[in-house]
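Each protein sequence line maps, in turn, to chains A and B.
Taking the numbering used here, the leading residue of the first sequence gets 1, the next gets one more, and so forth.
Taking the numbering used here, the leading residue of the second sequence gets 225, the next gets one more, and so forth.
Distance ranges between label pairs, derived from CB positions: (1) B:M225 with A:E40: 48 to 54 angstroms; (2) B:N363 with A:P158: 45 to 51 angstroms; (3) A:M209 with B:D263: 41 to 47 angstroms; (4) B:P270 with A:V76: 32 to 38 angstroms; (5) B:A417 with A:P199: 51 to 57 angstroms; (6) B:G402 with A:P158: 45 to 51 angstroms; (7) B:D330 with A:E30: 25 to 31 angstroms.
With a Cα cut of at most 30 angstroms, we get these calculated DSS-like pairs of lysine-lysine: (8) B:K326 with A:K23; (9) A:K56 with B:K326; (10) B:K280 with A:K102; (11) A:K102 with B:K342; (12) B:K326 with A:K118; (13) B:K285 with A:K102; (14) A:K61 with B:K326.
If we take Cβ atoms under 10 angstroms as the criterion, some of the chain A residues that face chain B in the derived model are: (15) L62; (16) A86; (17) Y144.
Hints are computed from structural coordinates only; laboratory data are not their basis.
For every residue, glycine included, the Cβ atom is placed at its ideal position computed from N, Cα and C.
Number of protein chains: 2
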Amino acid sequence: MWRLFHFPLCPFSRKLRLFLTEKGVPFELERVSPWERNDEFLELNPAGQTPVIVDKARGTKLIDSRAICAYFEETVDGPPMIPGTAIDRAEIRRLLGWLDEKLYADLVAPMIEERMRKRLVSREPPDTRVYREAMKAGNAHLDYLDYLVDSRRWLGGPVLSLVDLAAAAHLSVVDYLGGLDFRGHKETKTWYAVMKSRPSFRPLLAERMEVIMPPAHYDKVDFD
Amino acid sequence: MWRLFHFPLCPFSRKLRLFLTEKGVPFELERVSPWERNDEFLELNPAGQTPVIVDKARGTKLIDSRAICAYFEETVDGPPMIPGTAIDRAEIRRLLGWLDEKLYADLVAPMIEERMRKRLVSREPPDTRVYREAMKAGNAHLDYLDYLVDSRRWLGGPVLSLVDLAAAAHLSVVDYLGGLDFRGHKETKTWYAVMKSRPSFRPLLAERMEVIMPPAHYDKVDFD
Chain A
1 MWRLFHFPLC PFSRKLRLFL TEKGVPFELE RVSPWERNDE FLELNPAGQT
51 PVIVDKARGT KLIDSRAICA YFEETVDGPP MIPGTAIDRA EIRRLLGWLD
101 EKLYADLVAP MIEERMRKRL VSREPPDTRV YREAMKAGNA HLDYLDYLVD
151 SRRWLGGPVL SLVDLAAAAH LSVVDYLGGL DFRGHKETKT WYAVMKSRPS
201 FRPLLAERME VIMPPAHYDK VDFD
Chain B
225 MWRLFHFPLC PFSRKLRLFL TEKGVPFELE RVSPWERNDE FLELNPAGQT
275 PVIVDKARGT KLIDSRAICA YFEETVDGPP MIPGTAIDRA EIRRLLGWLD
325 EKLYADLVAP MIEERMRKRL VSREPPDTRV YREAMKAGNA HLDYLDYLVD
375 SRRWLGGPVL SLVDLAAAAH LSVVDYLGGL DFRGHKETKT WYAVMKSRPS
425 FRPLLAERME VIMPPAHYDK VDFD
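Extracted from the complex, chain A is given alone in its bound form (with noise of 0.2 angstroms):
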């Protein structure tokens, strides 16, 4: 059995868990914080992040949320999540890129910052500037989410592929903490309410941190 190695509110995790469970490959649980540099954590990965997946029978372990799915991708059956021509995959591959490593760190990573990294662990007040700038880049990043929705059946061509499960993963760890903001973005809230109504998105959406509490439309699939 694999054992996944994440945080709750690890949108690289998040992507992992529902990448898994569409793939119908069976894992167990176990969190870890990564600020707390836990040493048997380390001795996993010694970069200290999430999401580390490993088999003790086997003795495999996976480091890397795009080096994991490209893995299962490679080894197991099940629908394809990276489907498609040599073509139709390197656009899959840069919209992974975009989302995993521009939408992250202009507006995840500083939701993650300011509301969720500062109360729990440094307690420091959060920095109003540094959560408007990620409000509004999170804002140009929603508009061309609505134009891929607008041109296309899914936000990768034309079926589901890792690109809908890595959005949906990164926007959901914001919508926890209170960042996302679908005003003027119709098409993406509509595409994200039918990912919120996918069984594999259910024990995402039930979990809860300590401390921290989603807004109260978190959890439903029609924002009411």
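Fit chain B to the supplied structure of chain A, relying on the hints for placement.
Positioned in the frame of chain A, the structure of chain B alone reads:
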């Protein structure tokens, strides 16, 4: 013919130039300066980042260095650069993520900012504190590269892979900017000399930016 839109000191462009040459894919170069926000280039890639590769005759455009490498790895014959079993490939991808995200953010990006962009574009003085922090992080990362060189034939495993090309691309940019200090890192220094002597590396070492010149040892394989 493929046309690669690149910037001489962009490590992701350099990685791709090494990769395409090692794979035997012919391409021509077109230089762009990402900070100029040139309209024509923004139309090609709204994210405004190099590298982008285009084949006009086929109507193909690819963006994101990892997506582009995966595309050619899937479609072109020539030596595999993500070789081996699914486990071997996961290890290669883990290290690619570490190089392109962690080593880039901690060492390469601050060097480019302090020693190139500020000098060429904003004409500010460099921030010595940022520079010292980058050198310190770089030293720790070189320790990890020493460990990899010590424990396997090439950085990513028993054969040359995209990990070697990516690491050499990143370090070559730092070296051009005078920020590479190999004292105490004999293992990585020896590996880097081998990489510099590969024919694929020659065009990179011969290239010069305007205004900013590399140190005298930069294009010498034996560092003398």
